[in-house]
Structures are given as structure tokens and as C-alpha cells.
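A.B. asks: Now for the letters of each chain:
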Amino acid sequence: MDELVRIVPYFGTHNPKVARAIVLALILVAPILALGIGPAWVRILDFALLYVMLAVGLNLVVGFAGLLDLGYIAFYAVGAYTWAFLASPHFGVHLPFWIVLPLGAGFAALAGVILGFPVLRLRGDYLAIVTLGFGEIVRIFMNNLNHPINITNGPQGINMLDSLHIFGWDVSRRIVITDSFSINSLLLYYYVFLAFVTLSVILVQRLQVSRIGRAWAAIRDDDLAAKAVGINVRNCKLLAFAMGATFGGVAGGLFGAFQGFVSPESFSLMESIIVLAMVVFGGMGNIGGVIIGALLLSWLPEVLRSYAVPMQTALFGQVLLDPEILRMLVYALALIFMMLLRPSGLMPAHSRYSRPDLVLANKRVGP
Amino acid sequence: MIKLLEAQGICKHFGGLQALTDVSLSINKGEIYGLIGPNGAGKTTFFNVLSGAYTPDAGEFVFAGSQLPYGEAHKIVERGIARTFQNIRLFRELTALENVMVGHHTRSHAGLFGILFQRKQVREEERLVTERAYELLKYVGIERFANTVSKNLSYGDQRRLEIARALATEPQLLALDEPAAGMNATETTHLRSLIETIRHDGVTVLLIEHDVKLVMGLCDRVAVLDFGKKLVEDVPAVVQRSAAVIEAYLGGAHAA
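Quick note, the sequences are listed as chains A and B, same order. Under our numbering, the first residue of the first sequence is numbered 454, with each subsequent residue one higher. Under our numbering, the first residue of the second sequence is numbered 67, with each subsequent residue one higher.
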């Protein structure tokens, strides 16, 4: 939150209180503004929030614990399919969200541990390749588990997932206040997702500034030294995988409920890379940066998608570049320029794994 | 004299290289014990076996009356042996304060759920650990750099920070691997008084060092390793006159 406040122009440095109010207001009003442009934009915002949650979870693994994970989307898939199995006509099971979401998170955490065990000794490139393979394995499983027994319904995916019912209140149904005025369900989802994202950010921040967060950072910086100060490196790494996966699992469940449909296609390698790009783009290890990265990289492509065609027709009289190609092009360019100009991300991580103010408030300490 | 650590017949080889051959030595409680030897004598290997980074091929360590577990570094730290590294290994991106706080890991208990729900004990422990870490920085004399990212500290201060981090694990035995390497004379003098203070405060010190003057002046007893074998183990005055030691350091022609 403080990181977000600081980037508000002028007020961020001069008057943090005003900046804080601006950020809060923006967060709360954004979907209403977006609705003014069109409901599709609210939908994009909703997805952006899911991406924020994924990026915050992945940041825990990559940014804090330094474990490069290229298969993170697998946990998202586990969460989404858990929702699809336990809250859809596919098996005829319709459990409430407060059972399905924790179960999804739990299964994802379990998947995280299963991935964690074989890769304990790996680092860097080798770790990346194995996690990449893991992500693909999960996707291929989803794709092929329709035979001999139909579990995942294969490439067709699972349809008509239950929407999010929070204690009897169906989030996917608009609230009708008068005949002419009603609250769009996309807006409602936005605020529900916002609540989940806020909770995730708070939890991740608590983990960061704690005994466990410091142990992760220690393993990231030097795992031999971490062992030498008595950290159980194996357990800490497994915990990092499991915790990161948990957030992915919850986001996946929400995705299933929101979309009403899951198929293996949504969990391709590209998605893993996009989430990782968000983390790297925003600034590995910096929660505020990661949030900004996720918002920017999920918004910009959509902006491009909707304006690329009309702009090209206006300028050249014809469509030269397909928006989908343009999207990847801009993505790649953004990342390349990022690496050249700000190699540690939009908002580089500044070490903050403790609260020195607890004891240093009245002591003289250098920067 | 109470024996704190006893190494019994430690052997370790890497491929064809016999790095340690049947090394036995004993360290008394409260002393400063020096381990010297020419380059490649096996001093650091001995350290790595002791601290659990390697598993010995044969032999065992008896520490404070019971056998040490093999190859499980974190359990050995829990038992009360802390070490520093020859080439400084700090957590580079963490501040000095945080480095020491990590050192408290085994002596603090905050668990996952306590942290997620910010239970009262966890918040209290966090405050206590921060406080204690600051005290340790003061102890080694670098408290003014508490909030400095450790990779930006000067070389001498990094060495001190590494010692503070090792002390944070509340060891009975502190093993220092060439702490004076690369230090100038003033820094070495400061280091020497720091090691003496540490011993005075009840921590036994095991010291690997190349600076013979430092070792001879500081240590109560010294063992000499050469080619993975222990040559002598005695008080510095005797070791200095030992023919075997002179031969190991200067070659056969000088031993007369």
C-alpha cells in the first residue's frame, strides 16, 4: 500500500495522506468509471484483479524465496478445476464456496509440495525447466483425463460452473434497485475480488516481515549460509511452494466461478509466462510493484486490442497488423525496454523484512 | 577442564584426495582453540564436516556430552555450534539488522498461522528478536549500520556482521573460518579484542587462521593440520617449537 501511495505524482512525496486517499478512491471508483466506457472494461478489471492475486502469489515464490517457477499457472488450474468438479453439473455436486475455495487452495498447496520435492536441489535455469514441465503436465492431464473415465471432460472443458454464492447472495446476479437502476454483476465481482486481493496482500505482507519471510530471503540470497544459521532449507522451500500455490488455487477457484467455464486452454505455458512477466515487470520482491505490473500488463493488451483496429483503419485505411500479433509485439517490446532501462523492475525491491522502527525509533542509525 | 567438543577419528575424502585422515582433537569449554596449517591442509574441510555441510566418511563428533547428527546443518546449529565462512557469506539483499534477525531463526518459534493471524506472541517475539539483533550489532560495534543493506557494508564490517549473525544463534561453540583474512592491522586488533570479549562472555571459540601471530597470541591451545593429518595439539609455545610444524610450514631443510 505504501509503495502504491509513493508513486502518486506530487502528493506521493509531499502529502502521503492525500496520496493515500487518491489511491483508495481510484481503487473503489475504477470499475464505475470503466462501466461508463463499457461493461467489457469492467470485465477486464475483474480479470486484472485475478492477475494481481496470481502475481502476488508468484512473487512470494520467485521474489521472496528466489525459486524461479515457470509452471505457476498449474496451481491456478488446480483451483479452477476443483471448483469445476465440486460446483457444477459435471458431477452434479454443488458445494458452497466456503468449502470449495479452501479445498481448491489446499489441493493447490498439495500440488505445490508435490512439485517442491523433486526440485529441492535445483536452482535457476534447471528449476525453471522442471517447473515449466510440471505446468505442462498438469495441463496435459486436464486435456486427456476424459478417457477411459471422463473426469475433466478433456479439451472441451467443463461448462456451467456455479457462480459465486456468498451466503445465499448470488454475485453473478445484478442487484436491481429500481427498474431503471441496477448494479451490474461485473461490478459486484470486482468488489468481491478486491476483498480477496486485499486479504492476500495483507497475508503476504505479514509473511514477508516475519521469521518465515526472512528465512525465505536468506535462502534466496545464499542457501549455504542459510543452512549455517540453522534454517531448515528443505521445509522452508516446500512452504514457499505451498504458500505460493495456495494463492494461485484461490485465484483459480474465483476464476472458475466468474467465468462459468474452464478448459485446459486457459492454463497454457503462455499464461505462466505472462504472470511471471508481471512479477518481473513490476519489480520482483516488491508487492506494490508487482500489483502495478499485474494491472498494467493485464490492461494494456486489452486497450491495444480494442484500439488497434480502429486506429489502423483511421491512419492507413486498412488493418496492417492483427491486434493479437500487435499485443505480443508490444508485450515483448515492453519487457525488452524494461530490461534495458530498469532491470530490476518498475519499482525495484528495497529490502524490508523487518520492522526496525520497533526498536530503532529513538536511536541514531544511518540510512 | 570440561570437554565441549571431541572429534574422534574424522576421515573425509573427495574422490582420490584424502582431505582428512583420522583427525582427533578435543576442545575444552571456555577456551580459544586455534586450528592452523598450510593451504590445503584440510582446515576448512574439518569445519564443513563439523558444521554439517559434509558428512564424514568415518569418525564422529561428541558435543556437550552427546553425538552430533551427521550432515544436517540446521540441527547442528540448534545444538549450539555456529560458524562463519572464509569467503564472507552474508544475505546480501538484507539489511545488517535483518541478517542478525535471521540468525535468531532457530531460537524463535513463530509459525505460519501465528504469523498469518499476527498472534500476540508472534508480535511480541518479533519485537524481542529485533531488539536482540540490535543489541548484537552494538556488541560487534556496527549498530549505526543497522538499516544498511549488507552488501554495501565495508569488508571489515561485513566480517563483524557475520560474527554477529553467528552469535545470534546463541552458540556454545563459535567456529570462525579465517576471520582476519584481508584485514589490515587495525582491523585485526579490533577483531582480536572482539574474540576475547566473546570468550569472556562464555562462548568457546574455534579459530582457523593464517595469521600465525594472531593465533599464537590469542589461542589457549593450537592444533596443526598438514595434508589432512593432525601433527600436534598443544599450547602455542610448544607448537611453535615443534619440529614437525616447522617442517610443514617451511620445508624439511629448516627443521633442525
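Since the hints were derived computationally from the structure, they do not count as laboratory data. Please read these numbers as outputs of a predicted model, since none were measured by experiment. Think of the CB as a built atom: it goes at the ideal place given N, C-alpha and C, for glycine as much as any other residue. Don't take each hint at face value.
With beta-carbon atoms standing in for the labels, derived distance ranges [stated by the list, open to error]:
id, chain 1, residue 1, chain 2, residue 2, range
1, A, 582, B, 81, 38 to 48 Å
2, A, 775, B, 81, 35 to 45 Å
3, B, 250, A, 753, 28 to 38 Å
4, A, 573, B, 283, 36 to 46 Å
5, A, 753, B, 81, 24 to 34 Å
6, A, 573, B, 106, 41 to 51 Å
7, A, 482, B, 183, 48 to 58 Å
8, A, 651, B, 262, 31 to 41 Å
9, A, 467, B, 186, 33 to 43 Å
A.B. asks: Report the numbers of all earlier hints that the structure fails to satisfy, in ascending order.
C.D. replies: 1, 2, 3, 5, 6, 7, 8
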